[in-house]
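Asks: Chain by chain, the residues:
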Amino acid sequence: MRRRELHLTDENHNAVSPAIAAAVEAAYRWAMAMFPDVDSALLANAAERLAIKMENNKEHLGSPRRYAYAAMHGKVRDWLRKKAANEIPIGLDYELDEHARMTNSFQDAVERSILFQQLQTKLSARDRHILILLTELNATPKDVATALGINYKAATKAIERVRERIAICLDIASESPKATSPGLSTTKGLTKKWI
Amino acid sequence: MDLIREYFLEAFPNPNREGCPDEETLMALAEGRLPIDNPVCLHVASCSECFAEFTGCVLELEAKKNADVTKEAVKAEYGSMNWMGVASALANEGGSVSALQRLRQRIAAYRHRGQNQGT
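Residue numbers (the numbering used here), protein chains in the order written: chain A, 1 to 195; chain B, 1 to 119.
I should point out that these hints are in silico values taken from the structure, not numbers from a laboratory. The reader is advised that the hints may include incorrect statements.
As the list claims (entries may be wrong) - Here are the in silico distance ranges between beta carbons for each label pair:
1) B:D68 - A:Q117: 36 to 44 Å
2) A:E5 - B:R111: 26 to 34 Å
3) B:N38 - A:A154: 13 to 21 Å
4) A:Y152 - B:D68: 54 to 62 Å
5) B:R5 - A:Q107: 33 to 41 Å
6) A:T156 - B:E18: 17 to 25 Å
For glycine and all other residues, C-beta sits at the position ideal for the given N, C-alpha and C.
Just chain A, with the same shape it has in the complex (with noise of 0.2 Å):
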């Protein structure tokens, strides 16, 4: 089910303040846009939950948008971390997942967050910093060089460094047996993009 416009009331039906409501809906985009296999009809229902207690807390709220932002993230993860601990194919399912190759996605979490152990220590702050400008601000090898106030060469050099420290995770995370499941798919992605 897909629901894009949220009814922001506070207890009394009475519509919440801007500043709620303009948070609540930048979150709420958010959370769509950056986790879109989550029901958007939960999301709605959890943003709505939340306008609700912000406004009746409002006094005590520093940055609306912060609060939301900060707020919808842990409901979210919650609810990813309930829901893959839930899933559990048995009998039937079980045997049509294995034949469809299809992952358990309480598995697909717990080699996710062992690659992420293993990114972070294999990727410095430095190699983070590089990410950041490469991935979310689409900065060229010259743009790095200027960040990192170092020459354009070294920049390279650095791009390249950061590219093989994650070829090498995603190695490590290739030799567990589950490799050749789709769960690993997105990191298939990654390495087609990065190496």
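Given the coordinates of chain A, assemble chain B onto it according to the supplied hints.
Replies: Here is chain B on its own, set in the frame of chain A:
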């Protein structure tokens, strides 16, 4: 979701928001108003909460840009349909002007006939 984004969203929890820049600074980074060597960028790479807000800023900017483009398109469409535009387009074509003149003459003749019948 993109694995790298998921990594930045998950791996650096900072619930107490220690060392976080304000929202305006994050928006400035998303808009490209900050120099690329600004330390805020480094912070975003080490704080999941700020990364979430930053990606939110980028999305909001994109939505705003798309809305502006749509508004411009609607404006352009409306402009082509307004009567001044139609009139000036017709005025540029001699044939159309003469057709309009003929239509006016017919209407005038019809009115004139009606008046004669009334008297």
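Asks: For every hint, state whether the structure bears it out.
Replies: Each hint tested on the structure:
Between D68 of chain B and Q117 of chain A, the C-beta spacing of about 42 Å keeps the proposed range 36 to 44 Å intact. For the pair E5 of chain A and R111 of chain B, the supplied restraint of 26 to 34 Å is violated, since their beta-carbon distance comes to about 53 Å. In this structure, N38 of chain B and A154 of chain A meet the distance hint of 13 to 21 Å, their C-beta atoms being roughly 20 Å apart. In this structure, Y152 of chain A and D68 of chain B break the distance hint of 54 to 62 Å, their C-beta atoms being roughly 35 Å apart.
Judged by the Cβ atoms, the range 33 to 41 Å given for R5 of chain B and Q107 of chain A is violated: they are separated by roughly 21 Å. Roughly 34 Å separates the CB atoms of T156 of chain A and E18 of chain B, a value that falls outside the hinted 17 to 25 Å.
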